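Please put together the full structure from these sequences, using the hints given.
As they're listed, the protein sequences go chains A, F and R.
First residue of the first sequence? That's 1 in this note's numbering, and the numbers climb one at a time after it.
First residue of the second sequence? That's 1001 in this note's numbering, and the numbers climb one at a time after it.
First residue of the third sequence? That's 2001 in this note's numbering, and the numbers climb one at a time after it.
What the hints contain is simulated information worked out from the structure, not anything from laboratory work.
A portion of the hints provided could be inaccurate.
[Unchecked claim] Computed list of lysine-lysine pairs in BS3-like fashion (alpha-carbon distance at most 27 Å, straight line):
| id | chain 1 | residue 1 | chain 2 | residue 2 |
| --- | --- | --- | --- | --- |
| 1 | A | Lys346 | F | Lys1165 |
| 2 | A | Lys123 | F | Lys1019 |
| 3 | R | Lys2003 | R | Lys2027 |
| 4 | A | Lys7 | R | Lys2115 |
| 5 | A | Lys129 | F | Lys1184 |
| 6 | R | Lys2321 | R | Lys2174 |
| 7 | F | Lys1146 | A | Lys243 |
| 8 | F | Lys1015 | F | Lys1197 |
| 9 | F | Lys1019 | A | Lys122 |
[Stated by the list, open to error] Cβ-to-Cβ under 7 Å is the rule here; a few derived chain F residues that face chain A:
| id | residue |
| --- | --- |
| 10 | Phe1036 |
| 11 | Met1072 |
| 12 | Val1075 |
| 13 | Lys1114 |
| 14 | Gln1141 |
| 15 | Met1156 |
| 16 | Arg1158 |
| 17 | Gly1160 |
| 18 | Lys1184 |
| 19 | Thr1189 |
[As the list claims (entries may be wrong)] Just so you have them, the derived chain F footprint on chain R, three or more residues with Cβ under 8 Å:
| id | segment |
| --- | --- |
| 20 | 2160-2166 |
| 21 | 2225-2233 |
| 22 | 2240-2248 |
Being a predicted model, the structure only gives us computed values, none of them experimental.
The C-beta atom is built at its ideal place from N, Cα and C for all residues, glycine as well.
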Amino acid sequence: MIIEGKKRIWQDYQKEIADDRYFYVRSCIRQNFFPGSEKAFLRIMQEELKKDVYENAAHTTCSGIGYHSDVVPFDTAMTVIARQFSLMTESGYENFVTSCITSFGLYSEVLETWKHFPDVLKKVRGYLKEATGREFELPRNVAHASDVIFRFRKEITARGIRRLVDHKTGKPLRVVEHIGCHYSKMFPSKGVGGAEYPYVLVGMIEEWGGEVVDYPERRHCCGFGFRQYLVRANRGYSLANSKKKFESMKPYKPDFILTNCPGCPMFLDRWQYTLSEMEGTTYGENGEGIPVLTYEELAGLILGYDPWDLGLQVHQVPVEPLLNKIGIPYNTSKKFLGKDGQDLGKPDAPSVLKFF
Amino acid sequence: MGRLYDLMAADVRFKEGLKACLNCGTCTAICPAAEFYNYQPRQIVDILQTKDEEKIEALLKEDMIWYCGECMSCVTRCPRGNAPGLLITVLRGLSQDLGYFTESEKGRQQLAIKRTVGEWILEYGYCMFPIEVRPEAHPEQGPIWKWEVEHIEEVMNRLGANYAKTGPGILRKVPDEDLLELKKIFDVTGGTRRFNKIEECSRQKAKEMGMELNNSLDSEYVHHIYTTNDPKHTTTE
Amino acid sequence: MTKTTVIIGGGVAGMTAASRLANLGDKVILLEREEEIGGHLRNWDRLFPNRRPGYEVLDDLRTNLSNQVDIRCNQTVASITSQPSGFHMELESGEILDCDVLLLATGFDLFDARKKEEYGYGIYNNVITSADLEMMFRSGQPITTSQGEVPSRVGFVHCVGSRDEKVGNLYCSKVCCVTGVKQAIEIKEQFPDSKIFGFYMDLRMYDRHFEEMYYEAQQKWDINFLRGRVSECAENQDQTIILKIEDTLTSRPLRMTVDLLVLLVGFVPKPETLRLANLLGIKIGEDRFLESLDEHTRFNHTIKPGIFVAGTAKGPLTISKTIADAGEAALQIHNYLKTIK
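If you want it as structure tokens, here you go:
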């Protein structure tokens, strides 16, 4: 592989990412499955980087999952989004940051639609006014939270205490990166690095000392497929997609997978568990699986945050082997305690995957 | 032009999604659904551009339009600027709004989605909430998720949530006046109409199929659509 | 005073027009940007449809250039202005040239395959272009993979950079299909045990002898033609290329591995042509090639009197058609020269 070829493409796809005063909207899946990640994002942005990231408590979902599983009509999704913009406007912000990748894709699609079909924008303004009395301005900048962390990756290095390096051998960790489909497949120019060789996660990995590993099925969807997961009868599709990726990346022996979409790490994590239970297969070494991280979790680890504050204990594929490689200390006895140290019992161990 | 084609053509996503297809297969080559299902998105686009009313009506009643995972990989690549993924969202919307969706096994599943994600949007302000992702219905979520749900408030608050409380934060209680705004948006924009249509057509279908369908997720019909998967979708025999 | 024609571009079209005009007794200056004349023809090994050596044609063109033609290489036009009677040029060397007639024969560029990012040209070692392959043929060395091995599976990707809204070129480049079939036969000749695949959307075998080449490729050389446009390429650990394609004739999406993948790159208009056209006020088509005054009856005229155009600056053409086109341009110029004072 000729890395210079990729670098040229990365140069071509630069994207404007606002540097402060963000209006932050949360992700359905992130909140449910990786709450520690959203917490880490705000901690990094507000406490470390002293940025203004504002959350209006009246905001809601963008309805993306409902829209992409087709129970929510496009007009409805557009008007729900218009309401989010109304909250942004009334809060005095213009830079919009989404926690979810599907959201990012949907906001981008809706804004593009309004740009090319102004009569649709007019119609939506009418709907929102009729339903809620609200009005709105369009955001000046829309970015995904991973774009923002990407933008400040050097600042994170400056405050960081860890590197993506095996602390015993000094060798960079081998990292597979997985980009959510809705980040740049529909609008390549809206993704850092475009659709074929996105740079948003590569940039973080390189900056923090890791080695990026490419593999044939890198661009393959993780298989969420919205209705393909939500309905049990269809779940085989979702599983099969992830399995395709695992089989393809396995020979490259990655140390972990880094993702930027909320759904993808959930699936890449849980489907490894499921495959281990169904087939006895694991994809890492020693029956450990390949740990899957969110970029917020990774940034938090670089900054020295406690793994259990970051929420790594709720990953089904154990993250401890990775923490050991980096040399990050952790206290297993505190892993499943509550906020005030309450004993909440322990989850059962899976049959095949290691459990710490 | 037939009535169905006209209805679709009025949708901006249709205008964006269908220029002219030359059947090159680039979309199908990259489509994950085409990989695993007996399915080619190319065929859907090819049928649409015939503008044939009968073929389109048949399409709206078939499983074929429900295989797509809406990943949009096709949109990145099409050399004619078509977007099969977008066209499929238009077809699926129309299939539900016209009541054709209950004619196919995969289409019938929409009730399950409406009664979960659809209703959760209006109830929680988000597409899901932890206690609704029941471990019994989601064994694939694993034992750690099961443990989480059993101690949901403690675990979530350990991870920094403002669980089910007012004010900003993770998994907060979205205020009722804001949920009401969402509901009104659904009412005004056709969201409620679609939800009702899904219910109405499903009830009719349940009757035809001789299955019980009440308001809960534990009805016979809901269980049936949630779990039935004909092998024909993936086998080649 | 003798009227002067300046021809910008010393490729096939420029050389042909220059020699025709010289034979008709007209004064010609041939400007060429590079160190030597000949254009792309210098880089082709063997030409379709009969697979004769390209240098034979180049030699013929050179021989026809009598020493009446003033050939000036390493010359680029910095600026041109129209005068009441002709054109005033400043070359980058500082030289000034005045002439009565201009012939734009600036030719084409090949599509930069790196722009088709999903094919990985410039990233994956075993992805090359048809132009790279021609150079390999010309070198006389046996074709190998990047690891120096004999390729046992070779794929040809048609329509790279053509018929593609994503790279901004909606047109068909005409000659890539027949080039692909030619090169497939040439590789099979070198490696009779190899499996060769052509991945196409349509096979445009439109000119005389082309269709017969296609038949021969299938019947005599066992080339496999698969109707589908390659969607994506990736590299395996052993540097073989894995590609995703749908066999649209059997409706089967599939993955295939090849040792070597050849991208059949199309024509793109030269930036230099567009620059000159803007300087001169010549019309450019939506496909960004030059527009002639009339598609059928004034194919070598432009909207400006005294400015003519020949060859692939007007769009994709084969070598034989370029020669014919340039000959017609020369005749039109010769007739025009008679009409001006």
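Structure-based check of all given hints:
As the CA atoms of A/Lys346 and F/Lys1165 are separated by approximately 26 Å, the hinted pair is consistent with the 27 Å bound. For the hint pairing A/Lys123 with F/Lys1019, the CA-to-CA distance comes to about 24 Å; that is within 27 Å, so the pair holds. With a C-alpha separation of about 7 Å, the suggested pair R/Lys2003 and R/Lys2027 falls inside the 27 Å cut-off, and the hint holds. For a cut-off of 27 Å, the pair hint linking A/Lys7 to R/Lys2115 stands: about 13 Å separates their Cα positions.
A threshold of 27 Å between alpha carbons decides the hint, and for A/Lys129 with F/Lys1184 the separation of about 11 Å falls inside it, so the pair holds. This hinted pair checks out: R/Lys2321 and R/Lys2174 have alpha carbons roughly 12 Å apart, not beyond 27 Å. Of the supplied pair hints, the one linking F/Lys1146 and A/Lys243 holds, its CA atoms being roughly 23 Å apart against a limit of 27 Å. A hinted pair counts as satisfied when its Cα atoms are at most 27 Å apart, and F/Lys1015 with F/Lys1197 qualifies at roughly 26 Å.
Under the criterion of a C-alpha separation no larger than 27 Å, the hint pairing F/Lys1019 with A/Lys122 is consistent with the structure, at around 25 Å. Proximity of F/Phe1036 to chain A holds as hinted, the smallest CB-CB distance being about 5 Å (cut-off 7 Å). Annotation: interface hint on F/Met1072 holds; nearest CB of chain A at approximately 4 Å, less than 7 Å. Taking 7 Å as the C-beta cut-off, the interface hint given for F/Val1075 holds, the closest approach to chain A being about 5 Å.
At its closest, the beta carbon of F/Lys1114 sits 5 Å from a beta carbon of chain A; the interface hint therefore holds under the 7 Å criterion. Proximity of F/Gln1141 to chain A holds as hinted, the smallest CB-CB distance being about 6 Å (cut-off 7 Å). Because the beta carbon of F/Met1156 sits about 6 Å from the nearest beta carbon in chain A, less than 7 Å, this interface hint is met. With 7 Å as the threshold, the beta carbon of F/Arg1158 comes within range of chain A, its nearest partner Cβ sitting at about 5 Å, so the hint holds.
Because the smallest distance between the Cβ of F/Gly1160 and any Cβ of chain A comes to about 3 Å, under 7 Å, the interface hint for this residue holds. Hint status for F/Lys1184: holds, given a least beta-carbon distance of 4 Å to chain A, under 7 Å. For F/Thr1189, the suggested interface contact is upheld, since its CB lies about 4 Å from the closest CB of chain A, less than 7 Å. Proximity of the segment 2160-2166 of chain R to chain F, defined as three or more residues with a beta carbon under 8 Å from a beta carbon of that chain, is established by the 4 residues found.
Remark: the segment 2225-2233 of chain R is confirmed as covered by chain F, as 6 of its residues place a Cβ nearer than 8 Å to a Cβ of that chain, reaching the required three. Evaluation of the coverage hint for the segment 2240-2248 of chain R: fulfilled, as 5 residues show C-beta separations to chain F shorter than 8 Å, against a requirement of three.
Of the numbered hints given earlier, the model fails none.
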